[in-house]
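Novice: Protein chains in written order, with this note's numbering: chain A, 1 to 311; chain B, 312 to 653; chain C, 654 to 936.
Worth flagging that the hints you see were computed from the coordinates, not collected in a lab. Watch out, some of these pointers could steer you wrong.
Stated by the list, open to error - Listed next, the in silico EDC-like pairs over lysine to aspartate or glutamate satisfying Cα-Cα at most 20 Å (straight line):
{"hint": "1", "chain 1": "A", "residue 1": "Lys178", "chain 2": "C", "residue 2": "Asp701"}
{"hint": "2", "chain 1": "B", "residue 1": "Lys625", "chain 2": "B", "residue 2": "Glu357"}
{"hint": "3", "chain 1": "A", "residue 1": "Lys40", "chain 2": "A", "residue 2": "Glu29"}
{"hint": "4", "chain 1": "B", "residue 1": "Lys494", "chain 2": "A", "residue 2": "Asp57"}
{"hint": "5", "chain 1": "B", "residue 1": "Lys610", "chain 2": "B", "residue 2": "Glu622"}
{"hint": "6", "chain 1": "C", "residue 1": "Lys786", "chain 2": "B", "residue 2": "Asp605"}
{"hint": "7", "chain 1": "B", "residue 1": "Lys336", "chain 2": "B", "residue 2": "Glu357"}
{"hint": "8", "chain 1": "B", "residue 1": "Lys496", "chain 2": "A", "residue 2": "Asp52"}
{"hint": "9", "chain 1": "C", "residue 1": "Lys662", "chain 2": "A", "residue 2": "Glu197"}
{"hint": "10", "chain 1": "B", "residue 1": "Lys444", "chain 2": "B", "residue 2": "Asp466"}
{"hint": "11", "chain 1": "B", "residue 1": "Lys360", "chain 2": "C", "residue 2": "Glu712"}
{"hint": "12", "chain 1": "A", "residue 1": "Lys178", "chain 2": "A", "residue 2": "Glu197"}
{"hint": "13", "chain 1": "B", "residue 1": "Lys447", "chain 2": "B", "residue 2": "Glu429"}
{"hint": "14", "chain 1": "C", "residue 1": "Lys662", "chain 2": "A", "residue 2": "Glu186"}
{"hint": "15", "chain 1": "B", "residue 1": "Lys496", "chain 2": "A", "residue 2": "Glu91"}
{"hint": "16", "chain 1": "C", "residue 1": "Lys786", "chain 2": "B", "residue 2": "Glu601"}
{"hint": "17", "chain 1": "C", "residue 1": "Lys662", "chain 2": "A", "residue 2": "Glu91"}
{"hint": "18", "chain 1": "B", "residue 1": "Lys625", "chain 2": "C", "residue 2": "Glu712"}
{"hint": "19", "chain 1": "B", "residue 1": "Lys455", "chain 2": "B", "residue 2": "Asp439"}
{"hint": "20", "chain 1": "C", "residue 1": "Lys786", "chain 2": "A", "residue 2": "Glu29"}
{"hint": "21", "chain 1": "B", "residue 1": "Lys431", "chain 2": "B", "residue 2": "Glu584"}
{"hint": "22", "chain 1": "B", "residue 1": "Lys648", "chain 2": "B", "residue 2": "Asp637"}
{"hint": "23", "chain 1": "B", "residue 1": "Lys494", "chain 2": "A", "residue 2": "Asp52"}
{"hint": "24", "chain 1": "A", "residue 1": "Lys4", "chain 2": "C", "residue 2": "Glu822"}
{"hint": "25", "chain 1": "B", "residue 1": "Lys648", "chain 2": "B", "residue 2": "Asp575"}
{"hint": "26", "chain 1": "B", "residue 1": "Lys651", "chain 2": "B", "residue 2": "Asp605"}
{"hint": "27", "chain 1": "B", "residue 1": "Lys336", "chain 2": "B", "residue 2": "Asp614"}
{"hint": "28", "chain 1": "C", "residue 1": "Lys878", "chain 2": "B", "residue 2": "Glu366"}
{"hint": "29", "chain 1": "B", "residue 1": "Lys641", "chain 2": "B", "residue 2": "Asp614"}
{"hint": "30", "chain 1": "C", "residue 1": "Lys786", "chain 2": "B", "residue 2": "Asp614"}
{"hint": "31", "chain 1": "B", "residue 1": "Lys649", "chain 2": "B", "residue 2": "Asp605"}
{"hint": "32", "chain 1": "B", "residue 1": "Lys455", "chain 2": "B", "residue 2": "Asp466"}
{"hint": "33", "chain 1": "B", "residue 1": "Lys360", "chain 2": "C", "residue 2": "Asp701"}
{"hint": "34", "chain 1": "B", "residue 1": "Lys540", "chain 2": "C", "residue 2": "Asp900"}
{"hint": "35", "chain 1": "B", "residue 1": "Lys447", "chain 2": "B", "residue 2": "Asp466"}
Claimed, not checked - Some residues of chain A that are not near chain C, with every Cβ distance over 10 Å (derived):
{"hint": "36", "residue": "Trp46"}
{"hint": "37", "residue": "Leu104"}
{"hint": "38", "residue": "Glu132"}
{"hint": "39", "residue": "Leu142"}
{"hint": "40", "residue": "Leu191"}
Note that the structure is predicted; figures quoted are calculated from it, not measured. Note that the Cβ used here is the ideal one computed from N, Cα and C, for glycine as well.
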Amino acid sequence: MQSKDLRFRLGTGAFALVLILLVVGIGVELTRQSMSSIVKFGLNFWRTQTWDPVVGDFGALPFIWGTLYSSILALVLATPVALGIAIFSSELAPSRLRQPLVFLIELLAAIPSIVYGLWGIFVLVPAVRALEVAIPSVLRQLPLFSGPPLGVGMLAAGLILAIMIIPFTSSVAREVLKSVPLAQREGAYALGATRFEAIRAALFFARTGIVGAVMLGFGRALGETMAVTMVIGNNPRISASLLAPQYTMAAVLANEFTEADTDLHIAALIEIGLVLFVITLVINGLSRLLIWSMARSSTPRAAAPLAEAAA
Amino acid sequence: MNIRKLLASVACLATLGGGVLAQQKIQINGAGATFPYPIYSKWFSEYNKLHPNVEINYQSIGSGGGIRQITNQTVFFGATDGPMTNEQLLAAPSKILHFPTVLGAVLPIYNIPNVNAELKFTGPLLADIFLGKVTKWNDPAIMKLNAGVNLPGSDITVVHRADNSGTTYIWADYLGKVSPEWKTKVGVSTGVNWPTGVGGKGNEGVAGLVSQTPGAIGYVELIYALQNKISYGLVQNMAGEFMKASEESVTAAAAGAATRMPADFRVSITNAEGPGVYPVSSFTWLLLYENPKDKAQAKVMLDFANWMLTEGQKFAGSLGYAPLPDPVVKLEMQALKKIKVS
Amino acid sequence: MSNTTLRRKAVSSLFVGFCALSVLLALVPLALILFFVVAQGVQALNLDFFTHMPRPVGEPGGGMANAIVGTLILTGLGSLLAVPVGIMSGIYMSEYAGSRFAAATRFAADTLNGVPSIVIGVFVYGLAVLPFKQFSAFAGGIALGIMMIPIIARTTEELLLLIPGSMREGALALGATRARAVFTVVLPAALPGIVTGVVLALARIAGETAPLLFTSFNNRYFSTKLSQPIASLTVQVFTYAISPYADWHRQAWAGALVLVSIVLLCSLLARVATRRLERMHGG
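So that you can see chain A by itself, here it is in the shape it has in the complex:
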């Protein structure tokens, strides 16, 4: 029995190792291919704002800003909607509606990013421009709304990213909520809870899974290229304004990579890939800490037998 269990552990562990090796391999390759840029710019790469391929002066700060701003904006916009959808399709919808609803939300995930981009240029950007033109002048004084209403810019990028990540977060959150044992919810209703309170208890029970779902969406937003580059304006300037055209790391990498002529330019672009890689690592680390602190109160697996026993 022991040896079979050991084989199981080694067998599945081997696949897990493949995953780790892939990530390590990517990290190593990114570092190796960006070496000439790392050597030339050092830490200044993270701090300077100029991106000049002609002169050979590269700084990633505007792209770091753009990526974080657009992804966090997308997360803020998408997460409540995604969770609302997940809750609706797992708890609230009449059973006849559930399958079609799931199907429709998956449709959103299946749309290629270039289609999002083109729809963005032709439909979303004009709509956002109309919205921006309608902003009352008293609000325009704020740095958040300053600048000419072009349509392309951070707001359009945040919106399109939000639409793109909704299906990922909501599908995983839905599956997670469905897996919460029925007994747990029945217990809550038996105690006189309203729908909201019962669902809140289920959310708490599944909280690590919910955070996992949100992180999945966030990762998607960080790396999205095609749709963003078509609506963000592609201007490497740091601005707090939603109306300002800005630039993200994934977008500049995709835009300039195929045509980059000098070795230093290519190395600098790959270093941008490395910077994104490191930032993703840091964000994951922070979310792990969050999950760890959440799980400390009681793990789902520890609580389950208690809920079963209470049933």
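Add chains B and C to chain A, keeping to what the hints say.
Specialist: Frame of chain A, contents of chains B and C only:
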């Protein structure tokens, strides 16, 4: 006995089948510029009709991509809108030759509500607009050239390319020649640090942004302006004429260059001298190794190149390109003989 | 009813309303996008589209037959790599959840999820294209597979973690090995959710262009050889979309429609298969 007859007939059929297959399919891969993709796909398709066993697979991944893939030898030929630099040529494992295939033009497109007129621009004015120095449509510099046009006082929104491209190279090359400030401040490359404006992805992205944004100005290849039915402007050439981009004016730009053509064909024809010339014109080049490894593919490409320079040029006009002038064609056919096919 | 009860009920109703509103909010852009794609592309959806190769502009009757087949092959290759690696890693992460190795795997999966597709394309280019000086369908499949792995792995892990421990313990109590317990009891219980993960991963890569540009390249002609460049719907759609011709644009939209349909078909098939399996298992 019967089994032997059966085996013999099977062997005969196999050899017959093998004989048919001996007219073997040759697939050649090439990569490079997006600008000539429409005409290249036309050419390779027409050539395939003449030689059904030849499949030339060209993919537009960008001029820089084309240069990189041919250097890495993952493709047989490359294509680029901007000639390879000396450093890039040195980095290749062996000598790479350039062959101009067709001509293209880059033009200023704009979207000014209620203004349908064809606006006139000079090179220095375009440079100033793209430098961010001229910011309104009713700026005196623009008004002076376009008397009689009711230009509004609205802001000019500059639209450039977000992605690196040969189109940008041609535009920047031209602006660099007509504006010393552009040359020192911004420079010439497939991608530059734009002083102002928003970036669209691809020619189509720029055309889309300009047509969606009131007060916008951008630059695209001729065919994109024609197909998207976008207003485009006239540019003043060295002879002082305000020229519209067309098959004739673009070919005229190359004709002058034929007399001064360097042996490796790497020449810029922006801001060319002479009458009837459209100043923002450029060659696009095919990249081939002088001594390629795969001789069978080399023979095919050589035959194709000769076809392209003669029969192929006829397809240029209808697709929005300009054909190569005869003097250049003659020089190239001579140069093609350098490629070692055995 | 007391005040607090009224308040609680009001809050609950507002909440339910919000959830319903979210659904509508998500469905609006969906409807807009679908309408846009269908309106642009449906005219180009004819028999030629599904049976012919691409044709130069100006010649009618061009199609994307090679790209449709190519996308199916590439997605198949990617799944071949990603489904075993993803599910097995997910099993490891959930079974040995406390171990440091599992924590490292989880971390790796989340990081891999955030890597832009173009970086993965460049990575696989250096790994599988450059050494052989050859673009290939094989390399394209690897790139797509790598992108699918983290989604499948993390979804599998999260769902397996939520299966009540009593199920696992029951199997173990009956004398099953750990492997048996997982594969015959726990995994089937989580199967619908895992299938969702696989479908999500498929949807994720079905729309990707950048990783394929440097690996499977694209092919104007029909080819199914794994060692040669192969056509794909995404690259062909991209090439047509950035061109200036209206006819090519229509074909690009038609290609996008076919792409979305392929993903949805896979999703439907997967759901049907899962329900069948569940019925066999006794629900």
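Novice: Compare the structure with each hint and give your call.
Specialist: Each hint, compared with the structure:
Between lysine 178 of chain A and aspartate 701 of chain C, the direct Cα distance comes to roughly 44 Å. Violation of the 20 Å bound is thereby established for this hinted pair. Restraint check for lysine 625 of chain B and glutamate 357 of chain B: satisfied, since their Cα atoms lie roughly 12 Å apart, inside the 20 Å limit. With a C-alpha separation of about 18 Å, the suggested pair lysine 40 of chain A and glutamate 29 of chain A falls inside the 20 Å cut-off, and the hint holds. In summary, the hint linking lysine 494 of chain B to aspartate 57 of chain A is supported, as the alpha carbons are separated by about 17 Å, within the 20 Å threshold.
With a CA separation close to 18 Å, the supplied pair lysine 610 of chain B and glutamate 622 of chain B stays within the 20 Å bound. Note on lysine 786 of chain C and aspartate 605 of chain B: the hinted pairing holds, with a Cα-Cα distance of about 13 Å set against a maximum of 20 Å. Distance restraint check for lysine 336 of chain B and glutamate 357 of chain B: the Cα-Cα separation of roughly 16 Å lies within the 20 Å cut-off, and the hinted pair is therefore satisfied. With a CA separation close to 11 Å, the supplied pair lysine 496 of chain B and aspartate 52 of chain A stays within the 20 Å bound.
With a CA separation close to 10 Å, the supplied pair lysine 662 of chain C and glutamate 197 of chain A stays within the 20 Å bound. A distance of roughly 12 Å separates the Cα atoms of lysine 444 of chain B and aspartate 466 of chain B; the hinted pair therefore holds under the 20 Å criterion. Note on lysine 360 of chain B and glutamate 712 of chain C: the hinted pairing holds, with a Cα-Cα distance of about 13 Å set against a maximum of 20 Å. For the suggested pair lysine 178 of chain A and glutamate 197 of chain A, the alpha carbons sit about 17 Å apart, so the restraint of at most 20 Å is met.
A C-alpha spacing of about 17 Å is found between lysine 447 of chain B and glutamate 429 of chain B, which places the hinted pair at or below 20 Å, so the restraint holds. At roughly 18 Å between alpha-carbon atoms, lysine 662 of chain C and glutamate 186 of chain A fall within 20 Å of each other, so this suggested pair holds. Distance hint between lysine 496 of chain B and glutamate 91 of chain A is unfulfilled; the C-alpha atoms sit about 61 Å from each other, more than 20 Å. Distance restraint check for lysine 786 of chain C and glutamate 601 of chain B: the Cα-Cα separation of roughly 19 Å lies within the 20 Å cut-off, and the hinted pair is therefore satisfied.
A C-alpha spacing of about 17 Å is found between lysine 662 of chain C and glutamate 91 of chain A, which places the hinted pair at or below 20 Å, so the restraint holds. With a CA separation close to 16 Å, the supplied pair lysine 625 of chain B and glutamate 712 of chain C stays within the 20 Å bound. Simply put, lysine 455 of chain B and aspartate 439 of chain B have alpha-carbon atoms about 15 Å apart, close enough for the 20 Å limit, and the pair holds. For the hint pairing lysine 786 of chain C with glutamate 29 of chain A, the CA-to-CA distance comes to about 18 Å; that is within 20 Å, so the pair holds.
Between lysine 431 of chain B and glutamate 584 of chain B the alpha-carbon distance is near 19 Å, which keeps this suggested pair within the 20 Å criterion. With a C-alpha separation of about 18 Å, the suggested pairing of lysine 648 of chain B with aspartate 637 of chain B holds against the 20 Å cut-off. A threshold of 20 Å between alpha carbons decides the hint, and for lysine 494 of chain B with aspartate 52 of chain A the separation of about 14 Å falls inside it, so the pair holds. A hinted pair counts as satisfied when its Cα atoms are at most 20 Å apart, and lysine 4 of chain A with glutamate 822 of chain C qualifies at roughly 17 Å.
Restraint check for lysine 648 of chain B and aspartate 575 of chain B: satisfied, since their Cα atoms lie roughly 13 Å apart, inside the 20 Å limit. Taking the CA atoms of lysine 651 of chain B and aspartate 605 of chain B, the gap is near 10 Å; set against the 20 Å cutoff, the hint holds. Between the alpha carbons of lysine 336 of chain B and aspartate 614 of chain B the distance comes to roughly 16 Å, so the proposed pair stays at or under 20 Å and holds. Using a Cα cut-off of 20 Å, the hinted pair lysine 878 of chain C and glutamate 366 of chain B holds, with the two alpha carbons roughly 15 Å apart.
The straight-line distance between the Cα atoms of lysine 641 of chain B and aspartate 614 of chain B is roughly 15 Å, inside the 20 Å bound, and the hint therefore holds. Using a Cα cut-off of 20 Å, the hinted pair lysine 786 of chain C and aspartate 614 of chain B is violated, with the two alpha carbons roughly 24 Å apart. Restraint check: the Cα-Cα separation between lysine 649 of chain B and aspartate 605 of chain B comes to about 16 Å, which is no more than 20 Å; the hinted pair holds. Between lysine 455 of chain B and aspartate 466 of chain B the CA atoms are separated by roughly 18 Å; this keeps the pair inside 20 Å, and the hint holds.
In summary, the hint linking lysine 360 of chain B to aspartate 701 of chain C is supported, as the alpha carbons are separated by about 19 Å, within the 20 Å threshold. With a C-alpha separation of about 15 Å, the suggested pairing of lysine 540 of chain B with aspartate 900 of chain C holds against the 20 Å cut-off. For the proposed pair lysine 447 of chain B and aspartate 466 of chain B, the alpha carbon gap of about 5 Å is at most 20 Å, so the pair holds. At the 10 Å boundary, the C-beta of tryptophan 46 of chain A stays outside the reach of chain C, the nearest C-beta of that chain being 18 Å off.
Against the 10 Å criterion, leucine 104 of chain A falls within the reach of chain C, whose nearest CB is about 6 Å from its own CB. Non-interface call for glutamate 132 of chain A relative to chain C: holds, since the shortest CB-CB distance, roughly 18 Å, exceeds 10 Å. Interface exclusion of leucine 142 of chain A from chain C stands, the closest Cβ pair being 25 Å apart, more than 10 Å. Annotated as non-interface, leucine 191 of chain A keeps its C-beta farther than 10 Å from every C-beta of chain C; the closest such distance is 13 Å.
The structure fails to meet hints 1, 15, 30 and 37 from the earlier list, while all remaining hints are met.
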